[in-house]
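Visitor: Use the sequences and the hints to build the structure in full.
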Amino acid sequence: MARALADRLSTQVFDADDFLWQPTEPPFRKTRPPDERVALMQAMFAPRADRVLACAICGWGDALIPRLTQVLFLTAPTEARIIRLRRRERQRPGAALAPGGARAQEFRAFPDYASGYDDPAFAGRSRVQHEAWLAALACPVIRLDGSEPPGVLADRALAALDPAAQGA
Numbered sequence: 479m480a481r482a483l484a485d486r487l488s489t490q491v492f493d494a495d496d497f498l499w500q501p502t503e504p505p506f507r508k509t510r511p512p513d514e515r516v517a518l519m520q521a522m523f524a525p526r527a528d529r530v531l532a533c534a535i536c537g538w539g540d541a542l543i544p545r546l547t548q549v550l551f552l553t554a555p556t557e558a559r560i561i562r563l564r565r566r567e568r569q570r571p572g573a574a575l576a577p578g579g580a581r582a583q584e585f586r587a588f589p590d591y592a593s594g595y596d597d598p599a600f601a602g603r604s605r606v607q608h609e610a611w612l613a614a615l616a617c618p619v620i621r622l623d624g625s626e627p628p629g630v631l632a633d634r635a636l637a638a639l640d641p642a643a644q645g646a
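Number 630 in this note's numbering belongs to position 152 of the sequence shown; there are no gaps in the numbering.
Just so you know, the hints here were simulated from the structure itself, not pulled from any lab data. Since this is a predicted model, take the numbers as computed values, not measurements. Worth double-checking, as some hints may not be accurate.
Distance ranges between label pairs, derived from CB positions [as the list claims (entries may be wrong)]:
(1) M522 / P577: 34 to 44 Å
(2) I543 / D495: 29 to 39 Å
(3) R603 / E514: 11 to 21 Å
(4) L636 / R545: 18 to 28 Å
(5) D590 / P627: 18 to 28 Å
(6) E514 / P627: 33 to 43 Å
(7) R603 / L546: 17 to 27 Å
(8) R605 / L636: 18 to 28 Å
(9) G578 / C617: 41 to 51 Å
(10) L639 / P544: 17 to 27 Å
(11) P525 / V606: 26 to 36 Å
(12) G578 / Q548: 42 to 52 Å
(13) P627 / D495: 19 to 29 Å
(14) D496 / A558: 42 to 52 Å
Straight-line distance between alpha carbons at most 20 Å, and here's what the computed DMTMM-like set of lysine to aspartate or glutamate pairs gives [claimed, not checked]:
(15) K508 / D528
(16) K508 / E567
(17) K508 / D496
(18) K508 / E584
(19) K508 / D493
By construction, the Cβ of each residue, glycine as well, lies at the ideal position given by its N, Cα and C atoms.
Guide: Structure representation (structure tokens):
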């Protein structure tokens with residue numbers, strides 16, 4: 479959705495995970511220290527007047543909150559999120575993810591981990607954590623049904639972001 483929105487706005491999209499994770503092979507093995515993440519975002523992301531940021535920065539990106547003008551929060555049923563996660567993971571170079579591959583077990587385990595998102599007692603990234611972060615923001619928070627296709631979501635986001643589209 480973020481890429482579709484950025485395309486419609488003729489701007490760049492950044493993924494917070496690109497700042498969170500150090501480039502490793504295989505990926506997602508080592509996180510950058512929080513101060514390094516923020517410094518990298520301050521250098522690459524923050525100076526731009528127009529940009530779209532995908533993924534949450536709660537828990538480590540507080541220094542960037544004043545730069546946020548709107549936040550889009552997508553929600554989707556657990557099953558829809560897991561299907562999307564599996565599809566995204568399959569787009570990565572695949573031999574390691576195939577049964578018996580070096581990352582096959584990890585490929586199977588990550589959706590199980592991610593399915594805990596809606597559990598209030600879950601220790602990882604969770605809806606409770608995100609809702610608390612959203613409640614503290616000064617900028618508008620626009621909620622969208624994340625189970626819709628990316629293009630539809632981008633159109634709905636544009637309509638919500640554009641006061642003229644709302645008759646204002």
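Visitor: Do the Cβ positions of R605 and L636 conform to the proposed distance bound of 18 to 28 Å?
Guide: Taking Cβ atoms as reference, R605 and L636 lie about 25 Å apart, which means the hint holds.
Visitor: Would the pair K508 and D496 pass a check requiring their Cα atoms to be no farther apart than 20 Å?
Guide: Since the Cα atoms of K508 and D496 sit roughly 12 Å apart, the hinted pair holds (cutoff 20 Å).
Visitor: Per the hint of 19 to 29 Å, is the separation of the Cβ atoms of P627 and D495 within bounds?
Guide: With Cβ atoms ~22 Å apart, the hint holds.
Visitor: For the range 34 to 44 Å, tell me whether the beta carbons of M522 and P577 fit it or not.
Guide: 38 Å, holds
Visitor: Quick check: does the Cβ-Cβ distance between D590 and P627 fall within 18 to 28 Å?
Guide: 25 Å, holds
Visitor: Given the hinted pair K508 and D493, is their Cα-Cα distance within 20 Å?
Guide: 16 Å, holds
Visitor: Range hint 42 to 52 Å: satisfied by the CB atoms of D496 and A558?
Guide: 24 Å, violated
Visitor: Is 11 to 21 Å right for how far apart the beta carbons of R603 and E514 are?
Guide: 20 Å, holds
Visitor: With respect to the beta-carbon atoms only, verify the hint that E514 and P627 lie 33 to 43 Å apart.
Guide: 35 Å, holds
Visitor: For the pair supplied as a hint, K508 and E584, confirm whether the alpha-carbon distance does not exceed 20 Å.
Guide: Cα-Cα ~15 Å, so holds.
Visitor: With respect to the beta-carbon atoms only, verify the hint that L636 and R545 lie 18 to 28 Å apart.
Guide: Holds, since L636 and R545 (Cβ atoms, about 20 Å apart) stay within the stated range.
Visitor: Take the C-alpha atoms of K508 and E567, compute the straight-line distance between them, and say whether it is at most 20 Å.
Guide: Holds - the C-alpha atoms of E567 and K508 are around 18 Å apart, at most 20 Å.
In the structure shown, a violation is registered for the earlier hints numbered 2, 14 and 15, in ascending order.
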